[in-house]
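Q: So the chains spell out like this:
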Amino acid sequence: MNRYRRRVVSNESRDVTGQWLPPELTRRQFGVTGSFALGSLAISGFVPWTTAKAESRSPSDSVSDSAGAVRPLHVPPRARRVIFLFMHGGPSHVDTFDYKPLLARDDGKPLPFALPPNIDAVPKLLNGPWNFSKRGESGLWVSDLLPHMAEQADSLCVIRSMHTKGQSHGQAVGMVNTGSDNLVRPSVGAWVSYALGSGHPDLPAHIAIGPATAHGGPRNYGAAFLPAMHQATAIGSNGRFGSGKIPYLDGASDPQNIRQRIDLVRQMNELHHHRSGPDREIEGAIEAMDLASRMREAAREVFDMNLESSATQAAYGIHEKATRSFGQSCLLARRLAEAGVRFITVSSGQVWDQHSNLVAGHNKNALATDLPIAALIKDLKQRGMWDDTLIVWGGEFGRTPVVQGANGRDHNPQGFSMVLAGGAVKPGFAYGKTDDYGYYSLHDRVHMHDLHATILHILGIDHERLTYRYAGRDFRLTDVHGRVVEEILA
Amino acid sequence: MPTSRHFLRYLSACLLALLCQATQTMASEPAESVEFFENRIRPVLVEHCYECHAADADEIGGSLLLDSSDAMLTGGDSGPAIQPGEVESSPLVLAIRYESTEMPPTGKLPDSVIRDFEEWIAAGATDPRDTPPAASVPREKIDIEEGRQFWAFQPLSFTEPEIEPYEGSRGPIDQFLGQRLQESGVSPNAQSSDELRLRRLAFDLTGLPPSIELQQRWMADPSWENWERIVDEMLDSQGFAEHWARHWMDVARYADSNGSDFNATFHEAWRYRDYLVRSFASDRPFDQMIRQQIAGDQLPFETDEQRHDNLVATTFLMLGTKMLSERDKTKLELDVVDEQIDTIGRAFLGLTLGCARCHDHKFDPVPTTDYYALAGIFKSTVTLKGESQRYVSTWNRVSLPTTEEHRAAVREYEAATKSLKSDIAEAEKSLKDAEAGTSDVQLGIVIDDTQATKTGTWKESTYTKGFIGKGYVHDDNSQKGKTTIQFSAEVPDDGKYEVRVAYSANTNRASKVPVTIETSDGTQTVTINQQKNDIAPFWTTLGTFEFSSSSPAVVTLSNRETNGYVIADAVQFLSADDLHKLNHPDQDDASKAKRARIEAAQSHLAALKTQLKELTAQKPPPLPQAMAPTDRATPKISDSPVHIRGEVNNHGQVVPRGFLQVCSSGEAAIPNPRGSGRLDLADWLTDPDHPLVARVFVNRVWMHLMGEGLVRTVDNFGERGERPSHPELLDYLATQFVRGGWHLKPLLRDIVNSAAYHRASDYNAASSDADPENRLWWRMHRRRLPAESIRDAMLAATGTLSRTPLFDPMKSHGVLVSGNDGNSTEGKITGIATPCRSIYLPIVRGFLSPMMTALDAADPDLLVGRRPTTNVPGQALVLLNAPEINQWANTTADRVMRDAEDFEARLNLVYQLCLQRLPTEDDKQLAKTFFTDDRQSPEAWQQWVAALFAGTEFRLLD
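Each protein sequence line maps, in turn, to chains H and Y.
First residue of the first sequence? That's 759 in this note's numbering, and the numbers climb one at a time after it.
First residue of the second sequence? That's 1100 in this note's numbering, and the numbers climb one at a time after it.
Since the hints were made in silico from the structure, they are not lab data.
No experiment lies behind these values; they were computed from the predicted model shown.
Mixed in with the good hints, there may be bad ones.
[What the hints assert, rightly or not] Reference listing, derived: stretches of chain Y covered by chain H, where coverage requires no fewer than 3 residues with Cβ under 8 Å from a Cβ of chain H:
#1 1201-1212
#2 1769-1776
#3 2015-2025
[Stated by the list, open to error] Residues of chain Y placed beyond 12 Å of chain H at every Cβ, according to the derived structure:
#4 Glu1146
#5 Pro1271
#6 Ser1424
#7 Arg1731
#8 Leu1947
Idealized CB from N, CA, C, for every residue including glycine.
Throw the hints in and build the complete structure from the sequences for me.
A: Written as structure tokens, this is what we have:
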């Protein structure tokens, strides 16, 4: 009973002389003699915090039942699932999809209009080394930086007039992933999971492959105040595919052992339930244990990349070092999409942030991602999944047409490009315009809120009607903004 | 309402106007003319503005109409849209210039159109539109007096329960609940089993399972006297203080790092946690805790201890997650203030004040002006201060009191360190001087870059250490072919000299730098590869050349056709004699002497460095400081304007600092704010007549013990929240709480000593039909244990749970808990395997323990008054497969096998350890079937414990 007798604290904070001491001094048994002479100061007996080796983020709450909150759908759906290829760091639009002849002409000259506030770049125009040409039958401009995506130009729908909030990564990454640059809000995938539920009875609706740990980390695929089940299950981290498995799906013990344990837990729970009578909490827990068991079986197959032919693996670049990780991620994304997962984010890792060495950095990132993305496009078409899958490609912002340092570009939320693809959008199409140098979004501007409204619309959801009441208010992904960009719909 | 005829007329006017524009592009009408309006202004309004700002729009943006002259002058939320003659004071102009807000949102109008509007307003804004303003947009004004009629804003009313005490009632709580049960004809459940009641009490008060000794003591005497004794023991325990501190940490969105965009370490947050533990241990009055948390820095104090707690408590205001890298600091400041107001609103008032940032609260009687009355208080408070790196804000810190001895020790240490460091610098210089003698620098003739003749642009640099003179120059890898540097020397004698060039080598340097040497035999050209050097540390030989004393020896580096940075530091000319000296330093007496000097200097330096190392090992703890706010300097304290629609640059009227009108009996503005006004706010919150604060707090306490709040939306007492199930009971408890001096322990005692607290949670068909949600408390709610208790209970079962508090968990972390490059993993420190109580695990935002998250621990990004309880496969998987849980199961199984001999004793022990009860016949039967082969198998026992840990009974309080 000693435990209950031991009084804490309030009167402990005094040394033997009766003098008050700050808690960390007292509690470390430090300075009990009241003397702070040098030499007596070594702290003994204080165990510094141990740094545990990291586990990756939990799969917590990951499986929804297949029913979502929006039924029937608000509008006829044009796609059933989204694969968001998140180019974290911010790829340069003026070096990829937004061709600016005047930038080439005026390379090295001063920017002829004002910079936005809080920019480090000097207002001197910088032309990148990559050539642009018209591609395919559509004649869509794509640069040499992305040769494989360029080959698919007739399948791409480029929005060249994107703009967003947030001059720094944290805000802009929050905007693209959650629709908020400053407040804690559910991620796009969580909203989709909440609205549609999963297309597979035993798998989560929302999965993030290689999500970043920085710039908000889990917040960018989290559920915030939505039920926790809508948070993404994370596979790998920071652009790395890792083991490519759902955490905790398997324990240290062998599968037979786990099956036996699940069976024993079930029997114990039945006894508890028998004593309690009908009870939602106990029944829910029993149901969750069953689901976990089924999820283990379902995931074992879906996550097994060995079920893909060597030719398919090669097409995604899995056999090459440069493209392996992103190729594996794209291929898993296709397998998940096929199985019914609604919203899959594949992150490049925060690699596109070329404040310096634009050429080397962008070349490297393009090398890692371009071929797998093109393979994904071809694969979806070949498997008849093209029409009901929406691919979204882009970063949290673009990059400035003016130089930063000797050879870099700064962040540009004022104007940039994002690419959509799939049956829902116009193929080989470009929408909107930036100014002559690609700095500001100028015509047919599309704000990040508009893109979100459009993504929901494509999935059959009216962004103004998809709401969740929290803290006395009905929240939306698009807050009080958002316009469906009808002009890009096929 | 305008008819569609009106609209058609606008439309035709618009078309006509466009036509006119097309045909008479260059016609210039005077800006004050009706034609100017019709041709230049009206078409733009129709095309770009009417969709949202005409009376027939679906939704009127900002309550502003632009479809008549009067409407424009009357304006909307932001006041009048135009001020005729005053271009710069016309919000419309600022909006279309994208300076205040951005209108139209679809895209900025062409500059020429914006100029038209400027000219039109400058000329008096002629507007012939005679349409009378549509029935003005209904702008519902909040009626404060009417708002006060809402139950939550009514004063507390103390009433005694009406019915006579009845059988089984143990006081007013049971009387109030009994009255409603009687009226509804619902019969309450009987008392729960003794075992369950003790388990319930122990987890509710201490967050820990009852020990086996306590289980035995209680089962030997399950009387009310013994119950009350055990309650008192628990309330006096350390476990109680830790558990209830954790409840408040949920509300305080406690974390040890910032999370968000820039995961800065909150090195000092633990002090606040520690303050909470000590406050709950000593039953510090809650009104005092509120005053300390809002304005501790302004409170009077008599002792250092009081001052310490006062300051540390204000960390409450600092703990929110912030976008520290937001470059627009005005916006960041407003966001931080908003987070503070929202937290205070929900934590203490149960009101969602954040709603009133952009518009009058849509449901509660909180106008935007009330929000900005509060915002003025927090804008006058320093929360953020300085930057930890460019654009990235950091927060205010305040020194904490400590002993004079501590200060003296730090002073002494700093002085000693400083003096040692200066000795070391001195010694290093002596060593360098001694070494200089052996350096080849002084041999031969050395021409530094500062003495050279340069053409083109050379940049001076000291970036790469190791150079001759004070630095070197480089060509910035630009202006190729336009930049040369010429080193010219006069050799003393005719003859051969070896020529060397000094530069710092690096892979970004040019690989072929052309160098010309003007010798007595004529000009020679060589190229050098600046990516490396021949002779350490920075020399490269060009070769040996003939020079004459009568004409200058000239070496010229150029950046012509180079492919990287070209560096020039110095050029050296070495005669045969110089080279001999250079290659045979030991043959020289002078060199020997230098060598001795060097050795002496080296050993002196080494000794000093050892001293510094020893001193550093004895470094006293740094002077304590708190993550805490202060008031701004007096001239910077001010009232805040309303920010219309929450926009940073869209200012409305200035509002005097103050409180919510609806919960203030008199004037809500502070007549003479003391400093920022936080102290006034603290006084207002803790006024015994405040209708919300005590109600909200006792309701939280009730929820923790009784499963649901009397108001189930514990953070929302407003219109959108639920109404209290037992308003008289809520007011009774709140009044008693305030009268009793805001002490938590008496309130807890009253609740856990009530008969209602002891009811079984069992299902009953009749009662369940009558009251399926159990709002009458006919039974105890079955509740999920908090994540911390589940983990602590597992550790308790192992017998290894440490009861030593841990402090300063983030000590080993730098400014950032994890890097921003996306490759950082050092943030992943959950310490989940440490056998401490879970309250002492660091809460690192972005790196929360997957186990705790799966078990529904509070998300520190949000204020969590009531934790959600989820039942999802992820949770089941963690319970089945998390390696730590498996380990704890194994340890518990080993303990059971060690501490009990036979099968039955082991089964009893494992149930007492895990479920705090003895096994039932059913349990025994299940065990018999499970342990068929080998009752001695450790693996089987491990499996059994692992299953108990993952089962429903372990994590539910029946």
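Q: Does each hint hold? Answer for all of them.
A: Hints, verified against the model:
1. 1201-1212: The restraint on the segment 1201-1212 of chain Y holds, since 4 of its residues have a Cβ under 8 Å from chain H and three suffice.
2. 1769-1776: With 0 residues in contact (Cβ-Cβ under 8 Å with chain H), the coverage given for the segment 1769-1776 of chain Y is violated.
3. 2015-2025: Since three or more residues must qualify, the claim that chain H covers the segment 2015-2025 of chain Y holds, with 4 doing so at under 8 Å.
4. Glu1146: holds (15 Å)
5. Pro1271: holds (28 Å)
6. Ser1424: violated (4 Å)
7. Arg1731: Since the minimum Cβ distance to chain H is about 22 Å, arginine 1731/Y lies beyond 12 Å and the statement holds.
8. Leu1947: Incorrect as stated: the minimum Cβ-Cβ distance to chain H is 8 Å, not above 12 Å.
Figure legend: structure checked against the earlier numbered hints; hints not met, in rising order: 2, 6 and 8.
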